[in-house]
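Going down the list, the protein sequences come from chains U and S. Convert by adding 1122 to the 1-based position in the first sequence; the result is the number in this note's numbering. Convert by adding 39 to the 1-based position in the second sequence; the result is the number in this note's numbering.
Be aware that a few hints might be false.
[As the list claims (entries may be wrong)] Here are the computed lysine-lysine pairs in the DSSO-like style, where the Cα-Cα straight-line distance is at most 27 Å: (1) S:Lys58 to S:Lys42; (2) S:Lys169 to U:Lys1131; (3) U:Lys1131 to S:Lys288; (4) S:Lys100 to S:Lys58; (5) S:Lys174 to S:Lys123; (6) U:Lys1272 to U:Lys1285; (7) S:Lys169 to S:Lys224; (8) S:Lys58 to S:Lys174; (9) U:Lys1131 to S:Lys42.
Hints were generated in silico from the structure; no laboratory data involved. As the structure is a prediction and not an experimental result, all values here were calculated from the model.
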Amino acid sequence: MPFKSSPQKFNAAINTVEIGSGDKKIVLGGECVYPLYAFDAPIENKPVVGIEITDLGVETFADCIKEYYAGATTLGEIAAKAAAAEGASFVTLTFEGADPIGENKSVEECVAAAKEVADAIDLPLVICGCGNNEKDVELFNAVSGALEGKNILVMSAKEDTYKTVAASAGLAYGHKVGAESAVDINLAKQLNVLIGQVGVNAANIVMNVGTAAAGYGFEYVVSAMDRIEAAALSQNDNMLQMPIITPVGSQAWGVKESLVSEADMPAWGPQEDRGVNMEVCTAAACLASGSNAVILRHPKSVATVAAFIDALM
Amino acid sequence: MAKFITIGERIHCISPVIKEAMATRNPEPILKRAKEQIAAGATYIDVNIGPAESDGEDLMKWAVQLIQSECNNIPLALDTANQKAIEAGISVYNRTNGKPIVNSADAGDRISNINLAADNDAIVIALLSKDGIPKDNDERMLYCQEMLEMWMMLGQDPTDIWFDPLFLVIKGMQDKQLDVLAAIKDISDMGLNTTGGLSNVSNGMPKHIRPIVDSNMLAMAMMCGFTSAIVNPCDTRLMETVKSCDIIKNNFLYADSFLEM
């Protein structure tokens, strides 16, 4: 009997969300098929790769990543270099230095850093906080105001902070809002509902549903993302049809496979190869599970994952 | 599994307000009830124009266009004994959000509504009765087979014929309730869809008791695989039951706000 292909195309689709403006803007989502299933129906907006820097430049990153930025001294120069990395479609600025337990940089310093980065690049900008909720709320508000009109994505609005983050970044300044949950499908959905109730249009919400480095409980990430995709597409659940962005670099470069030096563990081989492999594996797995964008650190990982996406569609 | 489908029953010519609005072509009371039901979570809206022997075609066209144009093309169930009126309604029906439902055919006099639905690419509600109430489930299943076969011979998708087992009034036919549930189970086990006028079970009961009995009957029916019902979506208790059962059956992903969705 001849093979009859029956495309698994749904009568539901992931929302499209634009970040940035002009020629370089990115469009996330829009697909009506499972992740990367371009053979079932065309995927108009293929997944994109972003490159991460922090307000401290790349000071805290592995030496092998720093090498790429050699010669760049100001934050603006570092940002420009990041934006020039092969395969990078957007830049992520993480306010690592704002952490009250760390350098505790003031909100004014953060705003200055955000402006410097925004002025140095023409790629879309994604903002991540320091992880301290109180500080993040303050700095997201100030940075959103300073970058009004740039159509940035502000990550993240969490269960404890969504009201203020959604109201300032999303409503007052018209940016995109990132809803952050940690591998919890019910909370992922609930946050979208709540952010919607604040008044942010569903088309302006992107989800960060959490991740782990490959091998570190990643199967939970896959099952959560699978369930989200199934609800969004096969059950047409419009409270889960937001595109997904996944910060992979921070996880992949935080595990022993990427952190231990070759001197300490000669049998494991070069640290750079291990870190890049960890980052690429995790990113590929996230894309296969439903991420519309991944955020990476090493320029080699960025180029590899971007080439992987291009080769698939 | 897909979410449970509710067909809002409140646009019915038995209501004096609606009857008057239909006779005088007054949009306001009809739109008010349509919008209330949609806000309450109805998936489909039933449009019952009664026998409508004289101006049925014109009336159904008017009602379909009125409700769909004002309510984002909400899908409708066209409910009348007048076949020409159903066809007229379908001729102006917008399918953006779902096929029209022909309400209804049975295994007796109204069997030709199955042809009508097939000819018009519509969903059809098929009552498991011929003349009066079926005496047992053997009779129900006989009609089910008969109408399913006819539908399939017409080249139609078996999931587009929704079988109505006929809910029976508890006050008078209390001993038959489990039969109805067993029929739903048997039909569901074949992968087919079901629907029915649920509130018949509580007919004649005090007003404050009816939502309680209706909700519990619905929960038990959903456990048997029941896929849709013709209900009053403004009954909060009933809609909370539908939503909770959808969560328990994993038809819809849980979130703390699920009752508001």
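Subject >> 27 Å Cα cutoff - pair Lys1272 of chain U, Lys1285 of chain U >> reply: holds, 22 Å
Original post:
Holds or violated: Lys169 of chain S with Lys1131 of chain U, Cα cutoff 27 Å?
Top reply: Status violated; Cα separation ~40 Å.
Subject >> Distance restraint between Lys174 of chain S and Lys123 of chain S, which requires alpha-carbon spacing of 27 Å or less >> reply: violated, 32 Å
Original post:
Do the alpha carbons of Lys58 of chain S and Lys42 of chain S lie within 27 Å of each other, as the hint requires?
Top reply: violated, 32 Å
Subject >> Straight-line alpha-carbon gap Lys169 of chain S to Lys224 of chain S, limit 27 Å >> reply: Given that 27 Å is the threshold and the Cα spacing comes to 21 Å, the pair holds.
**OP:** Quickly compare the C-alpha distance for Lys100 of chain S and Lys58 of chain S to 27 Å and report which way the hint goes.
**Re:** holds, 16 Å
**OP:** For the pair supplied as a hint, Lys58 of chain S and Lys174 of chain S, confirm whether the alpha-carbon distance does not exceed 27 Å.
**Re:** violated, 34 Å
**OP:** For the pair we were handed, Lys1131 of chain U and Lys42 of chain S, check the Cα-Cα distance against 27 Å.
**Re:** holds, 19 Å
Original post:
When you check the alpha-carbon spacing of Lys1131 of chain U and Lys288 of chain S, does it fall within 27 Å?
Top reply: holds, 24 Å
Checked against the numbered hints above, the structure violates hints 1, 2, 5 and 8; every other hint is satisfied.
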